[in-house]
Amino acid sequence: MCLGIPGKIVEIYQQGGLKMGKIDFGGAIREACLESVPEAEIGQYALVHAGFVITLLSEEEARETLQLLSEISALDEEENL
Amino acid sequence: MSDINLPFRDHHLIQGIVRQIQRTVSKPWVLMEICGGQTHAILRYGIDQVLPPEIELVHGPGCPVCVTPLEQIDKALAIASQKDVIFTSFGDMLRVPGSSDDLFSIRARGGDVRVVYSPIDAVQIARENPDKQVVFFAIGFETTAPANAAAILQAQAQNLGNFSLLVSQVRVPPAMHTILSSPSNRVQGFLAAGHVCTVMGYWEYEPIAEKYQVPIVVTGFEPADILLGILKTVELLENGKAEVYNAYPRAVQREGNQPAQRMIDQVFMPVDRNWRGIGLIPLSGWGLREAYKKFDAEHRFQVGHIQTHESPLCIAGEILQGVKKPHQCSAFGTQCTPEHPLGAPMVSAEGACSAFYRYSRIIRS
Ligand code: SF4
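From first to last, the protein sequence lines are chains A and B. Counting with the working numbering, you get residues 1 to 81 for the letters of the first sequence. Counting with the working numbering, you get residues 1 to 365 for the letters of the second sequence.
These are computed hints drawn from the structure, not numbers from a lab. Fair warning: there could be bad hints in the mix.
Unchecked claim - Here are the computed distance ranges between Cβ atoms for each label pair: (1) B:Val271 x A:Glu41: 49 to 57 Å; (2) A:Ser70 x B:His177: 46 to 54 Å; (3) A:Leu66 x B:Gln49: 45 to 53 Å; (4) B:His299 x A:Ala74: 27 to 35 Å; (5) A:Ile42 x B:Gln158: 25 to 33 Å; (6) A:Glu39 x B:Arg109: 29 to 37 Å.
Claimed, not checked - Derived lysine-lysine pairs resembling DSS-like cross-links, with alpha carbons at most 27 Å apart: (7) B:Lys293 x A:Lys19; (8) B:Lys211 x B:Lys83; (9) A:Lys19 x B:Lys294; (10) B:Lys27 x B:Lys324; (11) B:Lys325 x B:Lys293; (12) B:Lys293 x B:Lys83.
The beta-carbon is built from N, C-alpha and C at its ideal position, and this holds for glycine as well.
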């Protein structure tokens, strides 16, 4: 249940007093509440849980973690040479 | 598909990190992943089977469906059976056994029980059905609390007199205290649940790491994320460091999501909660604040005296605290299966028993 699903914000609007948006999950579009991410912009990645965006995902941090992971893997290859 | 998480499933990276874990570990360590979503990912990707034998993963209490106390389920059943009630819930709750029934059978007998994807959908149902009472079963950890708070704030703004929550909201840090202070505790390091930390941050874990001298690593959900969490925990353990490390920075910041925390704080206040199988944990949950009590289903409906009855075979409490593994339960895979569950951990998509069953970690004697 705590499996937040990442998707891209494709639309932002107000509805029933809440900031809402449409999120694209690899082709499937669903509505989610954006109340906790006032800075959200179209095109950003959002993590959605129970129809509610719990955070925006940082593409820069994702790249940095991937860099760290590749360095760890490369360590391994150096030793195998 | 452009998915930010996709690179974290890369086979090459995964193998490299597994080898780094092998090189780092020098003695046996017991790690607990708190979140049931991670338990399922670990078993689905076979992470438990590629780790060096020194590392034992035990599965934590982070299964919201599993820890929702029996008396709340029995109250849900009592409310859902009433006339003119639309009872809404996440799908997983429908098959969780109460003392003598489940929500599925209430529905089969004509009760209006509906599965929703979000509490905000339940508010919509309330708007569309002004002549019915609409109740949402608000279970879950910190991750679900902002959505539940948003539903209440919306119901308040729209003056909906026919919407209420049956609240069973729980929090992770008090459960970690319970696990770590138990005499039967074996856990030496934690993978903290990434999405709970997305909302709450990880500053709350720093005093826990300090007090019990355990490393705590904020961990994501993809295979490379989980392996990085394990690697960092093992590194900290091997170096004798009891620190908090964030291995999921693309989703988590130390302070968490502050607007979400403000919404939670506006609607909810800390209360004692019973955890199914574990018992009462002081201030381990959230209940509605006085100003929002009118949205509390327990106040709106008279559910009478609830006498609970748990299956005597089920050892869910020990499973949820990482003391025993599902296959050590005498009912596992025999009297208790996903089709005929005796306990909640066999029902939930985050329960350890259902994960062991589904991914065939069945060790029959
Ligand atoms: S296998 Fe079934 S009866 Fe045994 S602990 Fe798990 S849920 Fe309970």
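Now for the hints, and whether the structure bears them out:
no., hint, in the structure
1, B:Val271 x A:Glu41: 49 to 57 Å, "37 Å, violated"
2, A:Ser70 x B:His177: 46 to 54 Å, "37 Å, violated"
3, A:Leu66 x B:Gln49: 45 to 53 Å, "25 Å, violated"
4, B:His299 x A:Ala74: 27 to 35 Å, "60 Å, violated"
5, A:Ile42 x B:Gln158: 25 to 33 Å, "27 Å, holds"
6, A:Glu39 x B:Arg109: 29 to 37 Å, "48 Å, violated"
7, B:Lys293 x A:Lys19, "25 Å, holds"
8, B:Lys211 x B:Lys83, "51 Å, violated"
9, A:Lys19 x B:Lys294, "24 Å, holds"
10, B:Lys27 x B:Lys324, "21 Å, holds"
11, B:Lys325 x B:Lys293, "40 Å, violated"
12, B:Lys293 x B:Lys83, "22 Å, holds"
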